[in-house]
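Number of protein chains: 4
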Amino acid sequence: MVRAAIVGASGYAGGGLLRILAQHPQIEIGVAVSETYAGKPVSAAFPGMAKLSNVVFEGKGDGSRLRDCEAVFLAQENGKAMHLVPKLLANGSKIVDLSADFRFSDVSVYERVYKITHVAKEENRRAVYGLPELFRDDIQNASLVGNPGCYPTASVLALLPVVSSVDHNSIIIDAKSGVSGAGRAKFSLDYHYAEINESVSAYKIAGTHRHTPEIEQSLSQILGLDIAVTFTPHLIPITRGMMATCYAKLTEPIDTETLREHYREFYVDEPFVVVCDELPATKHTVGSNRCHIGLEVDERTGVITIVSCIDNLIKGAAGQAVQNMNLMLGLPEVAGLDTLGGQFP
Amino acid sequence: MVRAAIVGASGYAGGGLLRILAQHPQIEIGVAVSETYAGKPVSAAFPGMAKLSNVVFEGKGDGSRLRDCEAVFLAQENGKAMHLVPKLLANGSKIVDLSADFRFSDVSVYERVYKITHVAKEENRRAVYGLPELFRDDIQNASLVGNPGCYPTASVLALLPVVSSVDHNSIIIDAKSGVSGAGRAKFSLDYHYAEINESVSAYKIAGTHRHTPEIEQSLSQILGLDIAVTFTPHLIPITRGMMATCYAKLTEPIDTETLREHYREFYVDEPFVVVCDELPATKHTVGSNRCHIGLEVDERTGVITIVSCIDNLIKGAAGQAVQNMNLMLGLPEVAGLDTLGGQFP
Amino acid sequence: MVRAAIVGASGYAGGGLLRILAQHPQIEIGVAVSETYAGKPVSAAFPGMAKLSNVVFEGKGDGSRLRDCEAVFLAQENGKAMHLVPKLLANGSKIVDLSADFRFSDVSVYERVYKITHVAKEENRRAVYGLPELFRDDIQNASLVGNPGCYPTASVLALLPVVSSVDHNSIIIDAKSGVSGAGRAKFSLDYHYAEINESVSAYKIAGTHRHTPEIEQSLSQILGLDIAVTFTPHLIPITRGMMATCYAKLTEPIDTETLREHYREFYVDEPFVVVCDELPATKHTVGSNRCHIGLEVDERTGVITIVSCIDNLIKGAAGQAVQNMNLMLGLPEVAGLDTLGGQFP
Amino acid sequence: MVRAAIVGASGYAGGGLLRILAQHPQIEIGVAVSETYAGKPVSAAFPGMAKLSNVVFEGKGDGSRLRDCEAVFLAQENGKAMHLVPKLLANGSKIVDLSADFRFSDVSVYERVYKITHVAKEENRRAVYGLPELFRDDIQNASLVGNPGCYPTASVLALLPVVSSVDHNSIIIDAKSGVSGAGRAKFSLDYHYAEINESVSAYKIAGTHRHTPEIEQSLSQILGLDIAVTFTPHLIPITRGMMATCYAKLTEPIDTETLREHYREFYVDEPFVVVCDELPATKHTVGSNRCHIGLEVDERTGVITIVSCIDNLIKGAAGQAVQNMNLMLGLPEVAGLDTLGGQFP
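Chains as they are written, first to last, in our numbering: chain S, 1 to 345; chain W, 1 to 345; chain V, 1 to 345; chain B, 1 to 345.
Keep in mind that the hints are not guaranteed to be accurate.
One copy or two, either will do: identical chains are not told apart, so a pair holds if it fits within one copy or between any two.
[Stated by the list, open to error] Computed cross-link-like contacts, EDC-like style, restricted to lysine to aspartate or glutamate with a CA-CA straight-line distance of at most 20 Å: (1) K249 - E216; (2) K40 - D277; (3) K204 - E278; (4) K115 - E270; (5) K51 - E261.
Read the hints as simulated data drawn from the structure, not as lab findings.
For reference, chain S alone in the conformation it holds in the complex (with noise of 0.2 Å):
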């Protein structure tokens, strides 16, 4: 067994990766570190973990007790991470942060976004995004995994496959996410049971949301050229999943069943990729790492609308930690991931 140190494991993210490690087969959890809960075991902040783990939090401690860990999670806040990569780096730890801190491959843009001052530059130039469809032969070679946030997620394996087939100035993507994206820590009239129920907002729209960069890094790479995309991220009064509505236009004409079945062929080797052949519901991926995708062509207007759902703080977030962090360490990639399973109603 590999033991994996979990920092920040009282989060959203962290639960999920209790959660998961709980029932991996060859990774096990050494390390949980959570300052609000130090001393206190994993059921006083997730009660659902009672006799699923006996597993107690940490408060920082010392660090020579990560140094134990072969494998570490990082799920802290933006900022946090990059302070304790250089020291994990050198003690030769795989490891795969859930922050920002590691996703942009032009650190500048980091900075920009995020508004914080980047610490390890050095290291961010060996980290690798973590979108294995996009990028598994790298992180099958990497120590250090930039996890990618849920909505770029959800928009990019939308796109993926489509994206040089469309006009790269028509991309838009309407987005709408479960309130638990918001993350555990964040009490506000933002995130008020009464404010947010029985509604749905957009925020943060016109390109000011954090993730649009995020999302055009990965497909200009993909294309090879710098493009921009429009991004409305919405809250929906649900506590998980995201779906990703995203539209282009066609430049050559294409049918619907025509463009599934290209679908269906790009992502046949995928093991978290179902493409539907209706359209899918986030219901049905949550509690899964499963990104479903379905899709459709108005052949008179010419564009193409995805749907792609996926559970946000899965393979949104702690699934797909678990999936690179498996890549990282040689493991198959769907351990401990497949036998979860999606909700039935």
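Go by the hints and put chains W, V and B onto chain S.
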């Protein structure tokens, strides 16, 4: 007091009409027709009407009861109103039909889209499309108004002020609707609580939803040329509320504040349109006849994003129907509607 | 028009007062105090108030503004009103306090339960408990009313007609509340959307909730002896609405229909109490000042089950406060309240 | 691997069985019967099963397919299993029936409550009530198990450790259920999203719900005398989850901590019962086979309040069925169930 009849009074739109008219200063409910609840008080279908109204539902009856009513609201499924309207018009009634029967100036579009042979083509020629913000003068002189669908109301109000300034081939409408929009008599797995809750799904996308040609009709009339839009409806887990997130490419650069000011001026005299500084949430329009609109320009992509919120059962159905009837009867347009407050939490 | 002041006008109860008074035929809003939103229009706190009210929030100010108002609603957290009330009473104002400060005839109960030293004991002696169905006459003559809590309102209205006919040691109240009852300024994990949604939990059970002694005070006054009840509040994932399911052992056998008829007669003149043939649902009281009550007798166990529903923010707060103020001012009791409709879907 | 058949495999309980058995280390799905989805893959009914199972639904077939399966789960509506069970028993199958057909030792109670003539009375005599915490030994030796209802499971587990220490005439169970408990094939206004959402309602109260005699049967067997309980089910707007809030008068004073310790000892060896220090929430049991129990004593009234939470579809249906089958087959009781994790947010 004007006597009004409501046919189809136990559905959701009918319930909205009952509630609004119970408080209307100049219109009273004369007849409420519901086959399902015939002989029962309105509180049997809508327990919240207890102590608010003593009206008793009637079954179909002989029609003479309807003829006593100067104002008639038809709130049945598509294909019913066309059979009642000829006699009612002959009787001199003012009619607002909430179904799709009288929404299309080109009756062949209706027949193609709804797969129903229209039996009142003559009367359809006299019908006015009941979006007061677009056709107020015509409505004031009409005897028959086709009340707009909920998606077209939200979408056209969003696009109306800007449609002449955008690339008309670039219009995309990504809409999100509460489940009450499906109607009260729809019992299927699609509307079962356990399936809808904690999920979001798209349906009838890529031009296949029946509200697409209705939206296109209005926008084409404004522009004086035939256009096609990409329209994607989504079902989200709320009972009431609808958002249309609309996208279009600007033909000339403009900044957000200038465009917002244009919207403010465009709608300055409209009693039920609010142009917001912040992005709107559906919650704040629920229970009211108002449409809240927010917008931003993405100067990088030249795409304008307009977010429009309504209560699908009020401005999207019953409230707009009363607004139209007020206009037809020469009453103050806001009578019975201006006191309907939005929710506070 | 009577001029009214609202102190604490940007909370949920305050928002309810703003909305009700914006439509009240005989009371107008003179002053709306909110430190958070001082200088901003009410639509800044409640976007649904746009076009419904032009009132601008004031900060604390010098108090002279309050003195110009004949009617004062205090809607702040516990322990604040007691500091304002002495001056306001001296000024001749009619005051409804929505906090717990003036709900207890025995001020030592307040001090023990709320852990606040009462600084207006003299004034507390003049306060009347504002449940019109129990103390209407006293309220009409009062200058200071302590507006009941939401749980006590739902519970006492359920038990009032039967409390003398049951074993007073057997009363159990199992209550379910929407999350808005927690107030708008409560930001914690307890009210985070992602934690509340898709879950139900009990809290402060076994006599520890602060509404327990308030319920016991009313029931004890009716009976003329001190009783204790078992009270269990639950948080359920709805924004507005409250149900109290009340249990008690009958001392004499009685059948359901006879008991229901007794309830009907007991409440026959009450404008805001509806005794239902069917079991009520909270949905149908939301947005209204009404309490819907249903009941059944289990003849096998001799236990009566009474189900009582209110909107916790209307009959449980703002609506009842206006009802009390109407009585204090000699206005029709239902003014501004009878047109508030329940929801239709 | 043991081959298992599921009859009624496209309902919610059936979906739970499919998902659990897809990951079970020692049982595999041999046959999944669904008339509605015959010939389609399980992902047609449960899109979340894509890539998790290749099983294809069968229609009724000739019965020989069922006979090949050592283990049979019957998950149909009441009155169906009794027709299949005699042949299956003769065939030597181990059977868990999730309907009510084999839950009552006194078949006349079943016939009175369910209004169905029982056609397998002989077999009913051999049936064991499948609550492992109460009848583990009998289940291990049984060929036919009647799987308990969800309300009885939550209620009896709550009361089991204390029922002998309370006034057995004082037991009140106030239960709250998610809507999936109604089943997947229930299409009516009662389960329409727009009616259920944002509301709570009680139904079939005062002893009229069919789970009342099932609860009474278990408690009466423990006590050795016939008792009646007051049982009130409520429908709350969640998909999955069930809470039973149970009340009883203690016959001897006891404090909360002593009683809680008694519960801890009582359930110390139970793999799926968690006695909590804090009051439990349903959320944390969703997706797992666990029952979380919290409790407090109100020393003023002598009433104990016990709060019990389960996932109505797992411990309340499919999970408990697998737990029973594990026992019947001599497999580890927790096989396939211990890795089912509770939710983290």
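Quick one: which hint numbers does this structure break? Sort them smallest to largest.
-> When the structure is compared with the hints, only number 4 turns out to be violated.
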